[in-house]
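K.L.:
Dock chain H against chain U, hints included.
There are 2 protein chains.
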Amino acid sequence: MKFPESIVSLINDFKHLPGIGEKSAERFAYHIIDMDKEDVEHLAQSLLDVKNKIKFCPKCNFITEDDECYICSDKTRNNELLCVVEDVKSVVMFEKLNVYDGKYFVLNNLISPFDKIGPDETNIDDLINNITTNNIKEVILAIKPTIEGEATSMYIEKLLEEINKSTNKNIVISKIAHGIPLGVEMEYLDSLTIELAFKDRKKIS
Amino acid sequence: MKFPESIVSLINDFKHLPGIGEKSAERFAYHIIDMDKEDVEHLAQSLLDVKNKIKFCPKCNFITEDDECYICSDKTRNNELLCVVEDVKSVVMFEKLNVYDGKYFVLNNLISPFDKIGPDETNIDDLINNITTNNIKEVILAIKPTIEGEATSMYIEKLLEEINKSTNKNIVISKIAHGIPLGVEMEYLDSLTIELAFKDRKKIS
Numbered sequence: 072m073k074f075p076e077s078i079v080s081l082i083n084d085f086k087h088l089p090g091i092g093e094k095s096a097e098r099f100a101y102h103i104i105d106m107d108k109e110d111v112e113h114l115a116q117s118l119l120d121v122k123n124k125i126k127f128c129p130k131c132n133f134i135t136e137d138d139e140c141y142i143c144s145d146k147t148r149n150n151e152l153l154c155v156v157e158d159v160k161s162v163v164m165f166e167k168l169n170v171y172d173g174k175y176f177v178l179n180n181l182i183s184p185f186d187k188i189g190p191d192e193t194n195i196d197d198l199i200n201n202i203t204t205n206n207i208k209e210v211i212l213a214i215k216p217t218i219e220g221e222a223t224s225m226y227i228e229k230l231l232e233e234i235n236k237s238t239n240k241n242i243v244i245s246k247i248a249h250g251i252p253l254g255v256e257m258e259y260l261d262s263l264t265i266e267l268a269f270k271d272r273k274k275i276s
Numbered sequence: 072m073k074f075p076e077s078i079v080s081l082i083n084d085f086k087h088l089p090g091i092g093e094k095s096a097e098r099f100a101y102h103i104i105d106m107d108k109e110d111v112e113h114l115a116q117s118l119l120d121v122k123n124k125i126k127f128c129p130k131c132n133f134i135t136e137d138d139e140c141y142i143c144s145d146k147t148r149n150n151e152l153l154c155v156v157e158d159v160k161s162v163v164m165f166e167k168l169n170v171y172d173g174k175y176f177v178l179n180n181l182i183s184p185f186d187k188i189g190p191d192e193t194n195i196d197d198l199i200n201n202i203t204t205n206n207i208k209e210v211i212l213a214i215k216p217t218i219e220g221e222a223t224s225m226y227i228e229k230l231l232e233e234i235n236k237s238t239n240k241n242i243v244i245s246k247i248a249h250g251i252p253l254g255v256e257m258e259y260l261d262s263l264t265i266e267l268a269f270k271d272r273k274k275i276s
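So the protein sequences, as listed, match chains U and H.
Using the working numbering, read the first sequence as starting at 72 and increasing by one per residue.
Using the working numbering, read the second sequence as starting at 72 and increasing by one per residue.
Don't take every hint at face value.
Since the list can't tell identical chains apart, any single copy or any two copies may satisfy a pair.
Calculated cross-link-like contacts (lysine to any residue; reagent style SDA-like; alpha-carbon spacing at most 20 Å) [stated by the list, open to error]:
hint: 1; residue 1: K126; residue 2: E76
hint: 2; residue 1: K94; residue 2: D105
hint: 3; residue 1: K240; residue 2: E221
hint: 4; residue 1: K124; residue 2: S80
hint: 5; residue 1: K246; residue 2: R272
By construction, these hints were calculated from the structure, which means they are not laboratory data.
Isolated chain U (complex conformation) (with noise of 0.2 Å):
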């Protein structure tokens, strides 16, 4: 079928968002022949501006269009806490839900024996010398529990410790809490999430 040239190419453009399967790219497409022309040229401006404007935070890794992101520049937080996270996504989620006013370091891969990423195909070196540097008294790894995030955090652990005996410094080293989350059925639950609720059972009387 002579199908118009340019709605295929849009539709296997679509086809590279996350989870966007033909049919989702087709709906996408058609969607956009009914729209205004000014929301189309909108929106293909702003895929253009995030692309040229975005760079990352040279001190977290964070996204930001200026040299340094918003958490990082900001005065008021606090600069003795820092908290490491797997990807953007996390630091904008704690962002949003305003829970915690430290700071951020987002790593760029995780350790994975299985994908052949060691340590130093990540940066865990640059958080190591943002710690340091920044004389960070507590790191709050809060890296998803699997095991490339088990394996990341152990090492991670396992460097500050170092750092802690040889410089004779107390870098607090703490792991976001997981179990149960609120508010949700016990046999929907994976059984990683179980396991680690009983482990880290607390004691409340």
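P.N.:
For chain H alone, kept in the frame of chain U given last:
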């Protein structure tokens, strides 16, 4: 939170796509950051191309980049068959499946008393004009069997019956079969489908 403006703008734009809420829009936006610059530029250009190049065929309302769509300009197709559909997507689906080789007519609206869309707010006049001037022998109604779809089908049927009477023509009016689709568990089907399947049952012996 002082989130980079370009990302906020892109997330809002993505929310214009059908079925895309805040979470999916964010997911798309972060993915754009990680995509190759070339691919993002291609997507932006495809969006503009679709908006600038796609027109509706003056004969059948299907999409085209030319003066006439590829179906209307195809001399090898059956010129005496006209399939009436409610949207461009239906044409694409039928064409992909390669189950029909006649012409199409895409309605711009279905008659809907609830939404105050009467026959005058549709392009049914153009449809009738198409049928009479092109000497169509059979009109196949392929509109979904909702209240609006049935009202529209019945209205077209009535008009064609009147034309048959007043001009002594004998245009055949047919409707694609509704019923139980193949390979589907009966229990998941809606009651209207099952009702239609009983109503339109075929004698087999």
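K.L.:
So which of those numbered hints doesn't the model satisfy?
P.N.:
Violated hint (a single one): 3; every other hint is consistent with the structure.
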